[in-house]
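Start from the sequences and build out the full structure, keeping to the hints where you can.
There are 2 protein chains.
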Amino acid sequence: MTTIALDAMGGDHAPEAEVAGAVLAARQFGVRVLLVGQQQAVKEELAQHSAGGLQLEIVHAPEVITMRDSPLQAYKRKKSSSVHVAAKLVRDGQADAFVSAGNTGAVMAVSHLTLGTLSAVDRPALAAPFPTTKGKVSVMIDVGANVDSKPVHLEQFAVMGEIYYRVIFGTRRPRVALLSIGEEEMKGNELTREAHNRLKKMPLNFVGNVEGRDVFAGDVDVIVCDGFIGNVALKISEGLVEYFTQTLRTALNKDLRTKMGALLSRPAFKGFKENLDYSEYGGAPLLGVRGVTVIGHGRSNANAVKNAVRVAAELARARVNEKIEAELAGSVAALRQTVAH
Amino acid sequence: MTTIALDAMGGDHAPEAEVAGAVLAARQFGVRVLLVGQQQAVKEELAQHSAGGLQLEIVHAPEVITMRDSPLQAYKRKKSSSVHVAAKLVRDGQADAFVSAGNTGAVMAVSHLTLGTLSAVDRPALAAPFPTTKGKVSVMIDVGANVDSKPVHLEQFAVMGEIYYRVIFGTRRPRVALLSIGEEEMKGNELTREAHNRLKKMPLNFVGNVEGRDVFAGDVDVIVCDGFIGNVALKISEGLVEYFTQTLRTALNKDLRTKMGALLSRPAFKGFKENLDYSEYGGAPLLGVRGVTVIGHGRSNANAVKNAVRVAAELARARVNEKIEAELAGSVAALRQTVAH
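If you're matching them up, the sequences are chains C and E in order. With the first letter of the first sequence counted as 1, position 27 gets the number 27 in the working numbering; the numbers rise by one all the way through. With the first letter of the second sequence counted as 1, position 158 gets the number 158 in the working numbering; the numbers rise by one all the way through.
To be clear, the hints were calculated from the coordinates, so they are not data collected in a lab. Just so you know, even glycine gets a beta-carbon here, dropped at the ideal spot from N, CA and C. Wrong hints could be hidden among the right ones.
To be verified - Output of the computed footprint for chain E on chain C, the stretches with three or more beta carbons under 8 angstroms from beta carbons of chain E:
| hint | segment |
| --- | --- |
| 1 | 122 to 133 |
| 2 | 144 to 155 |
| 3 | 209 to 219 |
Shown next, in the form of structure tokens:
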């Protein structure tokens with residue numbers, strides 16, 4: 001049985017959303033969930049649910065990392081936080097994967113430093129799903145684990161993102177693209193020009209550069225970029241969604257006619273919001289660490305937590321890290337051959 | 001009288017939108033517009049309007065730059081294009097400013113190479129307005145004129161963007177921010193950390209770092225970044241707006257109820273779209289060239305062209321380049337003093 005260590009104290013709605021999500025996941029996916037957090041708080045929350053027969057256990061962790069903790073301080077000073085304890089359960093083989101909707105920077109730092117990096121990987125990277133007009137998601141990697149990436153890092157992000165996409169979204173040969181500022185190979189900056197050159201020699205379905213406006217078009221599956229760019233892209237999308245929601249709400253509240261219209265349109269808005277709802281996509285995995293770490297949005301509700309647990313279990317069952325090690329080793333071998341001939 | 005050289009052949013709806021916009025601008029703002037393009041086509045279009053008494057003249061340019069032309073090829077091989085002829089009118093003092101809604105890369109290249117750079121500026125930068133929830137726009141600079149910027153370039157972008165904001169949006173002391181991936185000074189990449197350090201020593205109202213999600217919040221006026229980042233930010237916003245519009249349309253067309261709702265809500269959607277409508281903001285100036293160049297969106301309609309002409313005239317009348325030269329000289333002097341003490 002796959003065992004997931006869930007940080008019960010992460011996220012804006014912890015431990016309520018975490019415990020509810022764990023109950024849903026244990027029931028629906030048959031996984032075992034270790035709820036890591038302050039025993040009393042988690043226990044009280046769990047008592048609200050009828051969880052008989054489900055594989056749910058509480059692992060005590062006295063400290064809590066908050067949004068105000070800096071990643072490195074959190075790592076160094078809160079060694080018995082729920083994040084640390086959950087990561088150690090994975091490191092020590094007592095859990096197959098680790099899920100948290102807490103402080104993203106801190107979860108990345110603790111996960112990276114506790115679990116270490118796969119031998120074929122220089123830097124772990126965070127992969128985030130984006131909705132598209134075609135319905136299927138595109139995955140952007142890296143959305144903030146690294147800045148000042150080198151071409152070789154982008155090459156590794158491409159391999160890791162491709163494997164994640166294959167495992168979770170079931171596409172046999174995901175289309176991998178490089179985020180740049182023009183479709184032509186020579187467009188972009190020093191980093192993307194060199195990365196483009198490397199990616200086209202890799203045994204990947206590399207389809208070339210895409211621009212920012214293609215991110216939501218759904219014509220590619222994996223979008224590779226440096227973490228500074230990816231983080232700006234992710235945050236600007238979140239900001240624009242907020243702008244949209246707020247502006248539309250104000251406009252619809254203007255007079256009786258538009259209010260009536262809004263009332264009648266409600267199912268449409270609901271469908272629309274669900275489409276944008278990251279909670280369906282199961283959070284963002286930190287790929288390249290020696291273990292499986294999935295980071296949920298801070299605002300995760302029970303459904304988002306449930307889906308993050310699902311993705312973590314699927315990544316663990318698919319032995320995604322073995323695949324990454326093998327493919328990166330293979331790529332390097334393939335590249336060496338290309339150069340030799 | 002302020003004279004604007006307008007590329008009548010740029011943009012997806014040229015020369016129709018260009019000529020209509022020129023007529024509106026000449027009437028409304030009392031400017032003289034030189035319509036630069038293929039004489040016969042522009043003449044025929046102009047005949048559709050009652051433009052008696054307005055200062056509108058046609059300047060013939062036989063060649064047209066298309067979206068398929070690469071910037072440098074367009075510059076080298078189409079020397080008698082409307083873009084070249086319009087830029088030369090500015091260079092030779094026959095026009096005060098130049099407006100085009102054509103191929104952005106080509107307009108930037110021709111403008112930069114024909115007009116040259118201000119003596120205090122290393123690299124011209126493109127400044128684009130973004131709508132915000134607070135109503136007022138924020139301006140992002142650079143959105144694509146440069147890649148691989150150095151800290152000194154970001155410093156110059158800040159000064160140019162601040163002056164543009166003051167002149168066009170009438171704020172006495174615009175709040176200048178640096179686009180990064182965290183608010184803390186040490187967050188970001190090598191470029192932003194060093195740029196932050198420099199910006200806080202400048203005689204600007206520098207308010208620190210902002211993240212992608214703050215771009216639409218309206219809490220800052222000028223957002224400084226490298227052109228690769230800015231271009232991704234701009235294009236991703238355009239892509240998300242398209243995604244939004246398309247997804248919402250599909251959702252509202254689902255059944256009779258939502259269709260009725262959509263019909264009643266129409267004024268709200270209209271208001272909402274106007275809020276997002278870049279055509280009100282008058283295009284994006286290329287700041288730092290020896291002259292005034294304003295680049296409109298390829299999809300510019302007559303209203304967008306009119307507003308781009310307005311912004312170009314305002315920038316020329318406010319002697320924005322003299323201000324840039326003076327302030328950059330002053331900043332450098334101020335910085336030297338800081339270092340000396």
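Verification of the supplied hints:
Given as covered by chain E, the segment 122 to 133 of chain C passes the check, having 3 residues with a CB less than 8 angstroms from a CB of that chain where 3 are the minimum. For a cut-off of 8 angstroms, the count of residues in the segment 144 to 155 of chain C with a CB near a CB of chain E stands at 3, and the three-residue condition holds. Taking a C-beta to C-beta cut-off of 8 angstroms, the segment 209 to 219 of chain C contributes 7 residues in contact with chain E, enough for the three needed, and the coverage statement holds.
No hint from the list above goes unmet by this structure.
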